[in-house]
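Chain residues, written in single-letter form:
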Amino acid sequence: MKIPYFPGCTLKTTAKNFELSAIASAKKIGIEFIELDRWNCCGVVSSLTSDDLMKHLAPVRNFLRVQEMNKQGIVENENRMITLCSMCYNTLSLSNQRMKENADDLQKINDFMHREDDDYKGDVDVVHFLSILEEYGFDKLAQKVTKPLKDLKVASYYGCTLLRPKSVGIDDTEDPKILEKFVESLGAEAVDWDAKSRCCGSYHTVNNIDIVYRLVQGIIDDAKKNGADAIITSCPLCAFNLDVRQSEIKEKNSDYQTIPIYYFTQLMGIALEIDKIELGLEFNKIDPEIILTKLNLL
Amino acid sequence: MAKKIKLNDKNTEFYEKIVELSGEQVALCDQCGTCSGGCPFVEEMDITPSQIMRLVMLGQKSVMDSKTMWICASCFTCTVRCPRELDVSKVSEALRQTKLRTAIDEISIEDISKEEAKKLPTIAVVGNFRKFTG
Chain P
1151 MKIPYFPGCT
1161 LKTTAKNFEL
1171 SAIASAKKIG
1181 IEFIELDRWN
1191 CCGVVSSLTS
1201 DDLMKHLAPV
1211 RNFLRVQEMN
1221 KQGIVENENR
1231 MITLCSMCYN
1241 TLSLSNQRMK
1251 ENADDLQKIN
1261 DFMHREDDDY
1271 KGDVDVVHFL
1281 SILEEYGFDK
1291 LAQKVTKPLK
1301 DLKVASYYGC
1311 TLLRPKSVGI
1321 DDTEDPKILE
1331 KFVESLGAEA
1341 VDWDAKSRCC
1351 GSYHTVNNID
1361 IVYRLVQGII
1371 DDAKKNGADA
1381 IITSCPLCAF
1391 NLDVRQSEIK
1401 EKNSDYQTIP
1411 IYYFTQLMGI
1421 ALEIDKIELG
1431 LEFNKIDPEI
1441 ILTKLNLL
Chain V
2 MAKKIKLNDK
12 NTEFYEKIVE
22 LSGEQVALCD
32 QCGTCSGGCP
42 FVEEMDITPS
52 QIMRLVMLGQ
62 KSVMDSKTMW
72 ICASCFTCTV
82 RCPRELDVSK
92 VSEALRQTKL
102 RTAIDEISIE
112 DISKEEAKKL
122 PTIAVVGNFR
132 KFTG
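Protein chains in written order, with my numbering: chain P, 1151 to 1448; chain V, 2 to 135.
Just chain P, same shape as in the assembly (with noise of 0.2 Å):
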């Protein structure tokens, strides 16, 4: 299957780990991510006042870039985008469903992209990487998994973005499953737990570090309590703050016990046995290696 393929642009600078895993990890189960052509900034973070439209022509212009690769044949009658990053795949969302649901927003952004070949019909599907899974099936990726995850306790972080607000969410916004689906496809054990879905802090990480620190560190003393040996994620904003700030949480207290942050596609890609350098490991800020080491699966 061939699927157009949104990155943005953390995926090309700090969560370089999560492009190479995902790609690797698709291509392995026979999803080919084909990246747009001329991708622009997702519009992050999603624009929430009633009059600013003008926000949303970022977004909607990734758009036709979908219908773009459709019409040139680069991919069969294929109106999904896919997304890796959360937050991308939140602000892509919101933008395509404002368009879908109001005839003149979308007129008036298409005024405004004149330049452009065509107009945005308003067609195009933002889909993350874990739905397209979920519709794989979780039964088929257990079958193609060479090396379970055995005895690993994973903790499956959702963030916000993933599932807020309900109409973009991609599960149930209080009890999500998708990710714990998952992490049981690949044979690693999921952990039950309370902060699955609580904010990391997100951009206050640039001016105001402290409620960060507060916030990352409630996750994972959580994560530690209900016994967990690692937390996936796939948010490049929660995995910095849930790693690196982490890390900086253990250089002021040594005693600190620390857990490595993976992104999702990186476990699923030690599942398939594919090679550690395609998996980006060397980019995780708290050593991704020893736990996996451990236990028998690198």
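Some hints could be false.
Unchecked claim - Straight-line distance between alpha carbons at most 20 Å, and here's what the computed SDA-like set of lysine to any residue pairs gives:
hint: 1; chain 1: P; residue 1: Lys1162; chain 2: V; residue 2: Asp112
hint: 2; chain 1: P; residue 1: Lys1162; chain 2: V; residue 2: Val126
hint: 3; chain 1: V; residue 1: Lys115; chain 2: P; residue 2: Ile1359
hint: 4; chain 1: P; residue 1: Lys1162; chain 2: V; residue 2: Thr123
To be verified - Per label pair, the in silico range of CB-to-CB distance:
hint: 5; chain 1: P; residue 1: Asp1322; chain 2: V; residue 2: Asp31; range: 37 to 45 Å
hint: 6; chain 1: V; residue 1: Arg55; chain 2: P; residue 2: Ile1399; range: 34 to 42 Å
hint: 7; chain 1: V; residue 1: Asp112; chain 2: P; residue 2: Thr1163; range: 20 to 28 Å
hint: 8; chain 1: P; residue 1: Glu1284; chain 2: V; residue 2: Glu86; range: 50 to 58 Å
Calculated from the structure, these hints are not laboratory results.
Think of the CB as a built atom: it goes at the ideal place given N, C-alpha and C, for glycine as much as any other residue.
Got chain P; can you put chain V on it based on the hints?
Here is chain V on its own, set in the frame of chain P:
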């Protein structure tokens, strides 16, 4: 003795402005406190999200002096739980925009050290500026 608040045209004007910008009928708020109870940031706030809703409902411009709207990170926890289905995140955004549109930014790019700027993810920086600058 209970403090009396007399509403005037200016209160109504401010209330209507926030309703228009947010698209939310703030007066529907029951003051049940669910938003404040579930907010992961409430410890950092000077007044709670439900107090914000009440002040907006009464058209009290003093709400703009609170830090709460800047602490709110649009995590939508309140939004998905509100029994009146009000999007409290949108009300925070409307308040932020009301300030930012007077050309007063909440942060300056110089506040970020070069060392930090190098390691921060792009979405953190762009997201931050989208929320704190006009």
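Checklist line | Outcome of range test on Cβ distance (Asp1322 (chain P), Asp31 (chain V); 37 to 45 Å) | finding: violated, 24 Å
Checklist line | Satisfaction of hint between Asp112 (chain V) and Lys1162 (chain P), Cα-Cα up to 20 Å | finding: violated, 25 Å
Item checked: Restraint status (C-alpha distance of Lys115 (chain V) to Ile1359 (chain P) at most 20 Å) -> Between Lys115 (chain V) and Ile1359 (chain P) the Cα gap is close to 16 Å, so the pair holds against 20 Å.
Notebook entry, point to check: So the hint says 34 to 42 Å: do the beta-carbon atoms of Arg55 (chain V) and Ile1399 (chain P) match that?
Noted result: holds, 36 Å
Item checked: Consistency of beta-carbon spacing, Thr1163 (chain P) to Asp112 (chain V), with hint 20 to 28 Å -> holds, 21 Å
Item checked: Given hint Thr123 (chain V) paired with Lys1162 (chain P) - CA-CA distance at most 20 Å -> holds, 10 Å
Check: Between Lys1162 (chain P) and Val126 (chain V), does the CA-CA distance stay at or below 20 Å?
Finding: Satisfied, since the Cα-Cα distance of roughly 15 Å is no more than 20 Å.
Check: Is the gap between the beta carbons of Glu1284 (chain P) and Glu86 (chain V) within 50 to 58 Å?
Finding: violated, 27 Å
Checked against the numbered hints given earlier, the structure breaks hints 1, 5 and 8 and satisfies all the rest.
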